[in-house]
Amino acid sequence: MPLIIPAAALGRAGRIAPNERIGVGSIGVGNMGFGDMSAMMSVSDAQVVAICDVKSTMRERAKQAVNAHYGNTDCAAYNDFRELLARDDIDAVSIATLDSWHVVHALAAVRAGKDIYVEKPLGMSIPQIKVLRDAVHRYGRVFQFGTQQRSSGEFRQACEIARNGRLGKLHTIKVGVHAGAAERSGLRTYVPEPVPEWLDYDLWLGPAPWAPYTTARLVYPHWFHISDYSLGYVSGWGIHHIDIAQWGGGTELTGPVEIEGSAKFPHDDALCDNPLSWDTRMKYANGVDLIFTGDGPGFTGVRHGITFEGMRYRWGDVNWLPESALASIPAGQPLLEVLA
1 MPLIIPAAAL GRAGRIAPNE RIGVGSIGVG NMGFGDMSAM MSVSDAQVVA ICDVKSTMRE
61 RAKQAVNAHY GNTDCAAYND FRELLARDDI DAVSIATLDS WHVVHALAAV RAGKDIYVEK
121 PLGMSIPQIK VLRDAVHRYG RVFQFGTQQR SSGEFRQACE IARNGRLGKL HTIKVGVHAG
181 AAERSGLRTY VPEPVPEWLD YDLWLGPAPW APYTTARLVY PHWFHISDYS LGYVSGWGIH
241 HIDIAQWGGG TELTGPVEIE GSAKFPHDDA LCDNPLSWDT RMKYANGVDL IFTGDGPGFT
301 GVRHGITFEG MRYRWGDVNW LPESALASIP AGQPLLEVLA
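My numbering puts the first residue of the sequence shown at 1, with every later residue one more than the last.
Treat the hints as calculated values from the structure; they're not laboratory data. Careful, some of the hints might be misleading.
Calculated cross-link-like contacts (lysine to aspartate or glutamate; reagent style EDC-like; alpha-carbon spacing at most 20 Å) [to be verified]:
id, residue 1, residue 2
1, K169, D200
2, K63, E252
3, K130, D273
4, K63, D200
5, K63, D74
6, K130, E160
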């Protein structure tokens, strides 16, 4: 009896053979992680072969989605990320777990020989992040970090205009973000609850100190405002907007030389302890001031976004003031060529 092999299995008919595809594992498949996993499935030369989550409900949802996409039942589902990383058929992983887990998961992946895409923020401290950076170089892995605003044309355009002198001499950059104070109202006290069967609470906590389980602790955005697991919008949105601010200011490979600031914090007995609001000012070696605030009083920039201010113009939220300043840029001509 003749053996019939589909052309796709041999890498023909415009398809990539399964053994030629990049094997992907997804660690953390909640809201962001499920989106990252779905994006990986849309790449023709990659295949999601395994997923991992400490919540069985999330595992099952992701596994069903992967199997439905590929039309099989091959996707493996793990509770423990170490089992996923031990697989030889996984070349790369996406990581979208608690912020406090990011560096731990990424380090383990690097040491297991996997390439990495990790969600922001990268880590909980600069020394921690430097350890990961050094490991990526030492093991020679491909590493990508979720700062997708750099891929958005409007942010690149704003940075090109600021860096190429179209605003005149840049003197101030204002960054505003939502601090999320209203998201944790009514959470001053909480009552410990039994851990549900669908959750591995010890693995959820991971490197964070032990704390009694309560539903409020586990759900977003509450955990996002607890400093054991995240730095809140200081890093959650700050990583996006500060990155663009430094890119447009020409200081993306350096940092400020002076920092001062203040913040308002919740009551001592609150479940969420990250700042309710903050005002900071950073001075760079090139003389530019960067003002970073989260719902701070008296802020005059874009409330959620970046404002570049030069001696001639002020650029904020990707809008010129005055609008006539854009009239000299010919339609269809590359911006860098125009500004050269």
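Against the structure, the hints:
For the given pair, K169 sits about 54 Å from D200 by alpha-carbon distance, which is inconsistent with the 20 Å threshold. Among the hinted pairs, K63 with E252 is inconsistent with the structure: their alpha-carbon atoms are about 39 Å apart, more than 20 Å. Pair hint K130 plus D273 does not hold up; C-alpha atoms about 26 Å apart against a cutoff of 20 Å. Only pairs whose Cα atoms come within 20 Å are accepted, and K63 paired with D200 is accepted, the gap being roughly 18 Å.
Only pairs whose Cα atoms come within 20 Å are accepted, and K63 paired with D74 is accepted, the gap being roughly 9 Å. This hinted pair does not check out: K130 and E160 have alpha carbons roughly 29 Å apart, beyond 20 Å.
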